[in-house]
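Participant: The residues making up each chain are set out below.
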Amino acid sequence: MADPITKDPTSYLSHLELGEPDKTFLDSNELIINMGPQHPATHGVLRVILKLDGEKVLGTECVIGYLHRGVEKIAENRTYTMFNPYVDRMDYVAAVSNGLGYCEAVEKLLNVQAPPRANYIRVILTELNRIASHQLWLGTHALDIGAMTPLFYTFRDREEILKIFEKYCGARLTTHAFRIGGCQYETYEGFEADVKKFLDFFPPKIDEYEELLTTNRIWVERTVGVGKISAADCKALGVTGPVLRASGVKWDIRKALPYANYSEFDFEIPTGQNGDTYDRYMVRMQEMRQALRIIRQAVERIPEGPIMAKVPKVMKPPVGEVYHSIEAPKGELGYFIVSDGSTQPYRVRVRPPSFVNLQALDIMVRGALVADVIAVIGTLDIVLGEVDR
Amino acid sequence: MLDYITSYLGMNTTPGQAGNIFWATVYILVVFGGVSVAVMAMNWLERKALAHFQIRLGPMRVGPHGLLQPIADAIKLFTKEDIIPAEADKFVFWIAPLIILCASFTVYIVVPFGPTHAITDLNIGILFMLGVSSLSVLGVVMAGWASNSHYPLIGSLRSSAQMISYEVAMGMAVVSAILMTSLNKTGTGTLSMIGIVQAQQEQQVWFLFKFFPLGLIAFIIFAIAMVAETNRAPFDLPEAESELTAGFHTEYSGLRWSLFMLGEYAAMIAVSSIAVTLWLGGWMRPFPNTLSGETWDLVFSLVPGLSFLGLALIAFIGVARMPKHAYFRIQTIGLAGFGAVLGLIGLALFAPPVRDRIQDIFWFVAKVAVFMYLYIWYRATFPRYRFDQLMKVGWKVLLPVAIGVLILTAIVGVIF
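Protein chains in written order, with my numbering: chain A, 1 to 389; chain B, 1 to 416.
For the record, the hints were derived by calculation from the structure and aren't laboratory data. Backbone N, C-alpha and C fix where the C-beta goes; we use that ideal spot for every residue, glycine too. Just so you know, not all the hints are guaranteed correct.
[Claimed, not checked] Okay, the calculated beta carbon distance ranges per label pair:
1) A:Thr215 - B:Ala72: 36 to 42 Å
2) A:Pro85 - B:Ala340: 54 to 60 Å
3) B:Arg61 - A:Thr215: 47 to 53 Å
[Stated by the list, open to error] Here are the simulated SDA-like cross-link-like pairs (lysine to any residue), alpha carbons at most 25 Å apart as the crow flies:
4) B:Lys392 - A:Arg89
5) A:Lys235 - A:Glu30
6) B:Lys76 - A:Gln38
7) B:Lys392 - A:Lys205
8) A:Lys250 - A:Asp266
9) A:Lys56 - B:Ala161
10) B:Lys396 - A:Gly54
11) A:Lys235 - A:Glu208
12) B:Lys80 - A:Leu52
13) A:Lys228 - B:Lys392
14) B:Lys392 - A:Gln38
15) A:Lys205 - B:Lys48
16) A:Lys163 - B:Gly58
17) B:Lys392 - A:Leu58
18) B:Lys392 - A:Lys235
19) B:Lys392 - A:Glu30
Produce the entire structure from the sequences given, and follow the hints as far as they go.
Facilitator: Shown next as structure tokens:
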């Protein structure tokens with residue numbers, strides 16, 4: 001249990017107030033177990049130290065960093081253009097959103113505007129990616145709670161989105177779809193037809209997922225009232241995204257601080273009231289439908305024109321700093337970039353939604369049962385690549 | 001010697017009752033071998049059916065349509081390294097899977113596949129089955145304890161609590177069915193498995209439909225409790241993969257792990273056969289009183305052969321749909337061979353002497369197979385219950401309802 005660097009057995013267990021954890025095993029009611037980093041339901045290499053009284057959770061501590069790749073440091077040794085593909089590797093299930101945030105942040109720094117057609121393409125792909133990300137969330141979350149089948153249904157339908165990505169830019173997951181100043185690629189022949197086909201194909205599939213889960217008695221029992229978090233707690237912890245919205249706060253950066261050309265579209269922000277796992281589930285399900293609405297408007301109105309703004313071949317943004325955030329599928333994804341006038345950023349700091357949302361885990365599961373920890377990790381929709389960066 | 005062997009054939013009892021050791025041994029070998037084969041078939045069927053629920057193909061590589069997959073799995077498990085954790089209690093660790101296996105196989109002694117097709121007929125048959133099958137909880141607790149590890153311990157604690165609490169509701173449901181056996185002229189009921197089916201035969205009704213809906217409710221309670229009893233989805237908390245990695249058998253591997261699996265599937269078949277015996281008329285064919293008469297008897301006696309021919313037909317359709325490529329030649333031949341074997345069995349089942357002897361066994365197995373399919377269906381559809389909810393369902397819903405049904409059954413039985 002000791003920290004490999006400090007060799008101190010208690011260093012990981014600060015707020016759990018445990019001297020020698022393993023001594024208490026079987027001698028008292030308290031039990032310390034390590035959930036992860038190799039565990040089927042921690043969505044990667046998250047390690048959660050659980051302090052249990054029987055099945056009841058007395059406290060948790062997350063240990064992260066198993067997937068730390070130093071993305072922010074890498075940025076300091078790459079040019080602005082070269083760093084672009086790296087951001088795809090943070091939240092690898094929503095790579096398009098990551099790319100959008102980064103490109104827009106650098107564009108803000110360079111003071112260029114992506115042309116309208118590029119913005120439309122960006123919105124279409126980003127919203128498709130939001131759906132793909134929510135599908136992956138739904139499948140794994142349902143699997144964690146024990147429903148195996150939705151996973152395969154969501155993956156089947158996610159495939160259609162990935163096919164569009166693949167046709168557009170050649171990659172399915174880490175797409176690197178956007179460039180600073182616009183898009184590299186013009187849409188392929190039949191792009192709009194493909195997207196429209198997906199728009200008609202997908203709504204019945206959402207109904208199918210909902211049929212399996214929304215009114216399922218066991219699903220409702222497992223999610224209603226589980227992992228409750230109040231709006232005040234959310235705000236205090238900086239939790240954003242569907243988790244915040246499920247607690248009743250109508251905060252969506254697409255509406256609050258519109259980026260790309262989201263202000264041109266008509267859509268609603270779904271919110272919940274109770275801030276429990278069921279509300280978060282419902283919020284995300286509705287978000288998928290809203291995303292379809294945005295895509296439909298975008299694909300109908302997509303203008304002709306250039307897809308790339310005039311950006312210099314060698315990018316040397318003026319000295320200064322910029323913070324730009326977008327509404328990624330998981331919450332507010334922010335990029336803080338400091339430029340020293342050279343071709344490489346002086347510092348890049350990423351505000352990943354998963355990392356911040358993960359802080360809420362302890363509040364949400366204290367006093368709950370072991371099974372709820374799994375449900376809550378699932379409902380927070382974390383991606384460890386983004387938590388650790 | 002030969003006389004000893006042939007003397008049983010004329011008798012109208014089970015070999016155990018007749019005291020014929022030779023035939024008892026044969027029956028034991030056939031039943032235990034049959035259960036082992038059924039477990040393997042169930043393994044294949046579960047993977048295949050589950051895959052098709054989940055828009056996958058399932059095993060397709062080993063043999064045609066993965067038919068040899070269970071055998072490949074068995075070989076893999078037998079040759080795997082058998083790990084015993086350093087901190088484990090070695091003896092308990094070693095004996096735990098054996099206890100589960102023994103408990104779930106021993107119950108087959110009294111399972112009545114037909115009026116004479118059982119190893120023996122105990123006069124406390126159902127009690128014996130419930131008692132012995134609940135011994136497997138001992139193996140679960142021992143496995144969890146001996147592993148000396150957190151996840152198995154939690155898994156085994158969950159498991160013991162779950163199995164014990166659901167046994168109560170299960171027992172109540174069983175008692176209400178046994179009560180129904182005593183509704184005859186003499187007023188004496190029976191606990192014998194064969195006797196229970198014969199009581200249904202005498203009363204001309206499956207206990208499922210007796211005192212509608214009382215029998216049905218008792219049956220549903222049993223059907224829920226038996227899923228919990230065998231630790232299957234949606235009550236698979238002891239081995240909840242997403243929570244406890246593998247529950248009480250997390251530390252087991254190779255052969256020992258396969259013994260757990262064997263025990264689990266055998267237990268599933270065992271409790272399903274209890275349900276079939278108590279409520280679904282055991283070996284009796286469907287609609288014995290509404291569709292009675294010589295003609296219907298003949299029609300129903302052809303069903304076993306026809307169903308095997310149907311399976312053969314499915315195999316041959318599979319042959320026709322096989323890709324026409326040299327790579328698939330052996331698989332195609334294998335599948336055709338499999339279909340031919342099924343077809344021959346089907347034809348053999350049409351022969352009158354075989355047909356009459358196989359009738360009871362076929363209907364019993366067919367009814368159990370429905371339950372096996374339901375197990376797979378549950379697993380594909382339902383999320384998992386949480387521990388406290390599971391206990392709530394067991395103690396606050398199933399038990400009171402079961403007691404209510406028991407009391408009502410008694411009252412209704414006295415009045416009518």
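Participant: Does the structure keep Lys235 (chain A) and Glu30 (chain A) at a Cα separation of 25 Å or less?
Facilitator: violated (32 Å)
Participant: Between Lys392 (chain B) and Arg89 (chain A), does the CA-CA distance stay at or below 25 Å?
Facilitator: Violated, at roughly 45 Å.
Participant: Given the hint that Lys163 (chain A) pairs with Gly58 (chain B), test it: the Cα-Cα distance must not exceed 25 Å.
Facilitator: Judged against 25 Å, a Cα distance of about 24 Å means the pair holds.
Participant: Lys250 (chain A) and Asp266 (chain A): Cα distance at most 25 Å?
Facilitator: holds (16 Å)
Participant: Would the hint linking Lys228 (chain A) and Lys392 (chain B) be met if the CA-CA limit is 25 Å?
Facilitator: Holds: Lys228 (chain A) and Lys392 (chain B) sit about 21 Å apart, inside 25 Å.
Participant: Need the status of pair Lys76 (chain B), Gln38 (chain A): alpha-carbon distance at most 25 Å?
Facilitator: Distance of about 24 Å is within 25 Å: holds.
Participant: Taking only the CA atoms, is the gap from Lys396 (chain B) to Gly54 (chain A) under or equal to 25 Å?
Facilitator: holds (21 Å)
Participant: That 47 to 53 Å hint for Arg61 (chain B) and Thr215 (chain A) (C-beta), does it hold up?
Facilitator: violated (38 Å)
Participant: Need the status of pair Lys80 (chain B), Leu52 (chain A): alpha-carbon distance at most 25 Å?
Facilitator: Status violated; Cα separation ~34 Å.
Participant: Using the Cβ atoms, figure out if Pro85 (chain A) sits within 54 to 60 Å of Ala340 (chain B).
Facilitator: holds (57 Å)
Participant: Between Lys392 (chain B) and Lys235 (chain A), does the CA-CA distance stay at or below 25 Å?
Facilitator: violated (35 Å)
Participant: Please verify whether Lys392 (chain B) and Glu30 (chain A) have alpha carbons no more than 25 Å apart.
Facilitator: Between Lys392 (chain B) and Glu30 (chain A) the Cα gap is close to 24 Å, so the pair holds against 25 Å.
Going through the hint list in order, the structure does not satisfy hints 3, 4, 5, 7, 11, 12, 14, 18.
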